[in-house]
Amino acid sequence: MGEGKRILFVSNGYGEDNVAAHIAQEYRTLFPGHRLARYPTVGQGKFYEQLGVQLVGRGIDLPSEGFVRSPRDFFIDIWNGLFFKTCRMGLEIRKASVDCDLLIVVGDPYLLLFTGFFSRLTRENRIFIGLQQSEWYASKKPFKLHYSALERWWLKLYAGLVIVRDTKTRDYLLRKGLKLVYSAGNPMMDCFTISEEPVFPADRMVIGILPGSKKEAYENFGNIIETLACLKRGAGEESSLLFAVAFPPNLDIGVLERRYGLKRITNQVTAFGTTDSFEAYRLDRSDIELFFSKKLFGNILSESIAVIGLSGTANEQAAGLGKPVFAFWGNGPQITEKFLRAQKKLLGEALFIFPPEPERICRSVHEVLRDKKLLKKARDDGMRRMAGRGSIRAIVHEIEAYINRTAQT
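In terms of the numbering used here, the sequence shown opens at residue 39 and continues consecutively.
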């Protein structure tokens with residue numbers, strides 16, 4: 039295909055947009071001759087905005103936020119225009135694909151099928167990057183955990199190159215007859231930065247908090263607060279614990295202020311000091327301080343001794359850095375008991391799951407942090423399964439090599 043080609047990225051979710059945006063950014067750095075465009079199919083794709091990548095269509099905003107866990111969720115989405123919006127989206131992708139040389143699908147096989155049906159590009163001009171499914175799940179459930187026979191057929195039919203998140207899954211697909219399957223590790227591990235200098239005081243024990251990026255995070259934050267209060271009591275008055283919240287950019291801290299009595303700390307000396315990257319809050323009638331940041335996600339994970347996580351992708355990223363992750367199922371369609379039990383299969387000894395019982399979670403955190411063997415198991419298993427950082431650059435080089443090979447045939 040050569041240089042100077044137009045590449046369209048299509049992604050379908052918060053984590054998928056993040057990965058696609060980082061791949062686009064790396065592409066722009068390594069191969070600036072290509073022209074890039076984007077189509078986030080769920081939401082507005084905020085991760086792309088700072089890159090200046092052309093937007094060729096608007097995604098779908100639905101009540102389920104893409105997590106349909108029951109017939110009720112599905113019918114509510116229908117009532118809010120699911121079919122009409124989906125058809126409109128397909129036609130926009132079809133129109134955009136006319137001017138493109140390569141379509142990169144970042145998401146799940148359903149999105150590949152959807153773009154395969156609507157776009158006008160050939161199989162050789164489509165690349166699929168799968169983020170959700172992994173053979174680490176040890177499951178035969180299609181569409182979320184495992185590449186079923188039907189999905190493997192879609193991959194053969196609609197993708198010239200398939201890129202997956204781990205070598206275990208790559209080897210499985212190769213055994214099942216796919217020809218071009220590549221893996222350099224989990225690209226989500228490259229979707230955050232860690233500054234060279236630490237941002238937290240060396241004498242503080244940081245507990246990272248990942249509330250999740252969906253609206254259910256507002257409801258679940260109450261149990262997080264109770265867990266933190268328990269941890270604080272258990273550590274005693276001289277505790278060096280510091281609670282840092284990696285707050286997603288699409289959520290509003292103001293909702294938590296109103297619902298849980300968080301009081302903004304201004305012009306006061308806090309346990310952490312002052313920084314432009316954090317917003318400090320104190321719980322009403324409590325000495326517990328929370329430090330919220332929408333900018334220092336990577337440092338919060340890297341410098342934490344443990345993480346309380348109610349997230350999908352972010353839990354995996356924390357485990358990939360070797361952190362023990364403590365999760366509980368809550369209210370809402372994403373972080374359910376079923377979801378966490380599946381994530382436990384994916385992350386192994388790095389993830390500890392519970393019902394929403396703060397006292398029980400608190401006891402487990404203290405027990406694990408005191409047990410060096412458990413900590414080592416959590417660190418080793420998480421890092422092995424997530425495969426570390428550096429995969430996005432390798433993926434970009436593999437895509438460019440594929441482009442050049444295709445141009446020669």
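Some hints could be false.
[To be verified] Here are the simulated SDA-like pairs of lysine to any residue, each with C-alpha atoms no more than 20 angstroms apart in a straight line: (1) 133 to 155; (2) 415 to 87; (3) 332 to 303; (4) 414 to 404; (5) 214 to 195.
By construction, these hints were calculated from the structure, which means they are not laboratory data.
Here is how each hint holds up against the structure:
no. : hint       : result
1   : 133 to 155 : holds (13 angstroms)
2   : 415 to 87  : violated (39 angstroms)
3   : 332 to 303 : holds (17 angstroms)
4   : 414 to 404 : holds (15 angstroms)
5   : 214 to 195 : holds (14 angstroms)
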